[in-house]
Each structure stands twice: as C-alpha cells, then as structure tokens.
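Asks: Going down the list, the sequences are from chains A and B.
Quick note: the first sequence uses the working numbering, first residue 1, plus one each step.
Quick note: the second sequence uses the working numbering, first residue 1, plus one each step.
Please keep in mind that the hints were generated in silico from the structure rather than gathered at the bench.
There's no promise every hint is true.
[Said to hold, decoys possible] Label-pair restraints from in silico Cβ distances:
{"no.": "1", "chain 1": "B", "residue 1": "T354", "chain 2": "A", "residue 2": "Q66", "range": "50 to 60 Å"}
{"no.": "2", "chain 1": "B", "residue 1": "T162", "chain 2": "A", "residue 2": "P34", "range": "52 to 62 Å"}
{"no.": "3", "chain 1": "A", "residue 1": "S49", "chain 2": "B", "residue 2": "D103", "range": "17 to 27 Å"}
[Unchecked claim] Calculated cross-link-like contacts (lysine-lysine; reagent style DSS-like; alpha-carbon spacing at most 30 Å):
{"no.": "4", "chain 1": "A", "residue 1": "K95", "chain 2": "A", "residue 2": "K129"}
{"no.": "5", "chain 1": "B", "residue 1": "K302", "chain 2": "B", "residue 2": "K33"}
{"no.": "6", "chain 1": "B", "residue 1": "K302", "chain 2": "A", "residue 2": "K48"}
{"no.": "7", "chain 1": "B", "residue 1": "K42", "chain 2": "B", "residue 2": "K302"}
{"no.": "8", "chain 1": "B", "residue 1": "K313", "chain 2": "A", "residue 2": "K48"}
{"no.": "9", "chain 1": "A", "residue 1": "K95", "chain 2": "A", "residue 2": "K50"}
{"no.": "10", "chain 1": "A", "residue 1": "K95", "chain 2": "A", "residue 2": "K48"}
{"no.": "11", "chain 1": "B", "residue 1": "K313", "chain 2": "A", "residue 2": "K50"}
{"no.": "12", "chain 1": "B", "residue 1": "K302", "chain 2": "A", "residue 2": "K50"}
Beta carbons are placed, not taken as given, at the ideal position from N, Cα and C, and that holds for glycine.
Read off the chains here:
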Amino acid sequence: MNATEFERMRQRIHHSGRCLDDRDYDGFVNLFTPDGAYRIEVDAPEMKSKMTWMTLDRDELRQRFQSVPEQVWRDIETTHLIAVDTIDFEGETAKTSATVSIFRTDDEGRTQVYAVGRYEDAWQRIENKWQISLRVLDLRTRLLPVPAPLPL
Amino acid sequence: MQPEERLSGQDRPGLPSTHYLDNRIYTDPAIFKRERDAIFAKIWKFVCHETELSDRGDFRTLTVAERPLIVVRGQDNQIRTFFNVCVHRGARLLREPAGTLVDDHIQCFYHLWSYNSRGQCTGIAQPKGYQASGLQPDHVHLREVRTETLFGLVFVCLDEETEPLEDFLGPDIVESLRVPFGSADLEVFHFHRAEMTTNWKMFSETNQEGYHELLHVMNRKTGLAQKNYRDRRWNSHHNGHLTFDQAVIGYQNLNLGSREAGTLPGMLPNGHVVVDLFPDVMLNCRSTVVRIDSLTPLEPGKTMLECRGLGRKTDTPEERSQRIRQHNQVWGPSGRNLPEDIWAVETQWQNIVTGASRYSIIAREEDWGPMDDATLRSFYDAWGRRIGCHAHDIDAPWPAEVPSDSQP
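With the sequences and hints as input, model every part of the structure.
Replies: Here it is as structure tokens:
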C-alpha cells in the first residue's frame, strides 16, 4: 500500500469520530459494512474475563441512533481526539488500531475527559471504499460519570 | 430558602404524614450519619456474588458503612470477611479492588506484617523486637465480620446483634430469591460502577416504584403497553423488603426480539420479576438475565452504584452472547434506561439541595398496583423505625405520634 492509501485510511478513522461529534449518525452507520458490528469491551479487575458493554450490528446501530429523539438521554457535546497507531493492510482487508480520548463539553461550556480507550477496527474494501466490518472500542475508562447509551 | 428549614403550615402538601417526605432526609448530614450507623452498619449488606470469588484466594475489597473490608475465599473454600486493616498500626492491607492471594498471603506494605485468608497473623517482621513485650503472632489476628451466603449471594453484617441473614430477609424473601435468583446456577458476567451525584435513597426509590416507568421509552412501549400491566402487584414483606409480581414484557414492541429461549427457572417467556432488599439492593430478572444493583452511600449527595449482570454458568458461547446482548438492551452503562434514571435522580438532588424543593409526594394509592407509592411508604416506614426519625419531618419527636398534616 502506498502513502496515499495510508492517509485515506487515517482520515477514515478520524472521520468516524467526527461523525459522532457532529451527530452525523447516518454518516457513522454508513462507515460500516452491511454485516458490520460495533462493540464496547472492558477489562476490569473485578472480572476474570473481558466484558462486553455494548454490541450492536449495523441495523441496531441505526435503530439506536434513530431512538435518540424519544429517549431522555443527555445530549452532551463530544470531541473525539484520535491518534492512529497502526494500519495493517492485507489485500482487500485491513486492521487498524487507534488511541481515542473522548471529551464532553456541558451546557455551561465546561469540558472534561469522559473516556479513553482504543479503537481496534477490522476493515473491508468494498467498491474501492474502506468500510468497518468490526469496531471494538477497548474502553479503559470504567467509571463513566454518565452512562453511554450511544456508541463512543 | 435553605433545605435545613423545617416544613410548617402551608409549606406542607396537605396530605397524611405518611404520604410525603421532608426533603431534608436526603440532604441533612446528621441523617446521613444516622443512616450509616443505624442502617448500613446494622443490616445484612449484599457485597458480591460467590462466583466473583470462584477460586481459593480470590478477594474483593469494598466498604460497608465506610469501613474498609476484604471478602476472601479461603483455602478451605469458605468465604470470610475481615476489616481491611493491619492490626499493627492500621494501614490498608489490600489496595486493589479485586485479585487473588498468592500462597494464601496478605502482607501489609507498611511494616510487612503478614496474614492468611483465615485472618491469622502469620508473620511479624523483625520479631525479636517484640520479645521483651511478649507479643506473639497468635495474639493478633484480623478483625472478622459476619458473612453469610444465600443462593450464591454474599452478605456481610458489621453488627454482632443483628439477626441471622435468613431471619433478616424473612421466609417470603428467601422463597422469592430461591427461584430464579438462586436456582439457576448463575454466574456474574457483567460488572460496572457509576458514581452518581445524588442521595442514595433517590436511586433506591427508582427501584421501588413503577410510576417512573413513564420516564423510560423502553418501559412505556414494552411494559405499560401490555394489557395485563395493571394486574401486576407489589408485595410488602418483613423488614421493608419488597417483591414485584412477574409480568410478561412486550420486547417485540421495540424490535428487541423475544426472550422465549434460554429463560431462567421460574421465569415465563419474556417474564419480568423484581425483589428489592431493604435498603439498597434490587434483584431484577428479565426472563433470561439477572441484574443486581447495590448502593454505597459516599456523601449525602454522592452515591456509588454497582451493577451486576448474571447468566447461567453452563451457557454455550452462543447462549452467553445472546444473554449479554439482552442484558445490554436495557441495562449496563450502554443500556437504554440507566442514563435516564441517573439523570432524573441527579436533577432531583440539584434542586433539593438548594431548598427549592422542600417535600416529595408519595401519595399514590392503587391497591399495591404497579404505580402505587405504597412501596415507598413501606420503605420509609422501615427507614424511620431503624434510624428513629419521621420521614415527613426529621425534627418531629420520635416515637411520639405526630398529628396528620391534613388537620393542622
């Protein structure tokens, strides 16, 4: 893969965070392959095996976002700060790893770190476009000040 | 206006004294201390499920009534609890939230005194220094706390005088716990905590009244929309414990699939049942998965919530995956309902602590139906008797009868 392809992939990963920050939920869902899935996994000292805190396929992701207007969830502004660590291409698939910090800015303009973790993504190239077949957010933050019903 | 002002005259809601609360029960620091000493230091407090201590030497650290504790499975397979305090000079022994003892060895990091999982002192560093005073390791041991396990649920009690666990729960609750919570060979697959800016009772109330189901889209569409919803009844038991009859939930109304496969013993397909243990524990079964909530009051306006999800130990990977998915549809930090409950109780706290809201109304009467506030009245009756205080007026003499506020 050439440098252009690496840069395209890097932008794609950053775009996934930007979609969530901009509440472009359709844009986020469209990053996934038709059979793609999103998971949040957590390692905690209290548990001997890794936990799954969220697991949604692409249809469920869309449903979850569509339910936002009728739910009573705090609509808090987020900013994703993403640093892409590795990109490994293998033919029409790729694996990427990125470190993510998610900041939340409340109604009064106060910003705090909400969560940190890593995106461990599997990608497929479909019609010359890279799409996520599986995103696992390996969440390091376990004590979330406000629960997170939407993907992070 | 300050929350410390006593309700009087027209400030009162014109209801019987059992049907409203003096909001200072949430904010008053003296009440918070009385709750610590007369409730949390006296009752049997749920601390974990035995499968969280599955191997010999597994331990959890936690606090009950602000006292630091170690719960540990010993080499003899028995679960015991000790103060997490070195008897030498009071340093904290185990500082991790959970782990496994190596070689049955607990060592204080301060002066290197050692103990085993039975609480016996097994080593004193530089022992010659104690020869003159005659101190021996078998003269000192970790201070043990009463521990009982019922159907896999581990409880501790700081008070030597409190009745045994089964007496504290009473026979109705023991039976209610037997199925499904105790009969399904369960294990914990989910654990998370949330630190809430609210008083512990405000969250506890969300587990004890169905009126707030109106808050949740999930409950409105899958519960309240069911035609037999109103037939469901709460039941009041000994010591302030509660049960909520089983009802069938319409998950399909929200495209959440069905819970007809993998149901736990005693559960109907798509069934839902609740057991509330006074004062802070809710056991909740939605057909295929169990959730256990428990609370640790940190300050009058700060509460730690612990949530556990349980499924069958014998699950295949596919069954476990399905159970986790069903758990997360509603519960956990990524579920639909918890953010709404927490937001509700945090805004309650924000208002009540300013004195802007001086009383809370618990006046619904619906023959113990799903939205009856009799559950809350039952809770505050037990609460008041334990701390010696009227929930409608924390300054009213106890135990003297107080005239009804509807007839001032």
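Asks: For every hint, state whether the structure bears it out.
Replies: These are the hints, each one checked on the structure:
no. : hint                       : result
1   : T354/B x Q66/A: 50 to 60 Å : violated, 37 Å
2   : T162/B x P34/A: 52 to 62 Å : holds, 58 Å
3   : S49/A x D103/B: 17 to 27 Å : holds, 24 Å
4   : K95/A x K129/A             : holds, 15 Å
5   : K302/B x K33/B             : holds, 14 Å
6   : K302/B x K48/A             : holds, 28 Å
7   : K42/B x K302/B             : holds, 21 Å
8   : K313/B x K48/A             : holds, 14 Å
9   : K95/A x K50/A              : holds, 21 Å
10  : K95/A x K48/A              : holds, 27 Å
11  : K313/B x K50/A             : holds, 16 Å
12  : K302/B x K50/A             : holds, 28 Å
Taken one by one, the earlier hints fail for this structure only at number 1.
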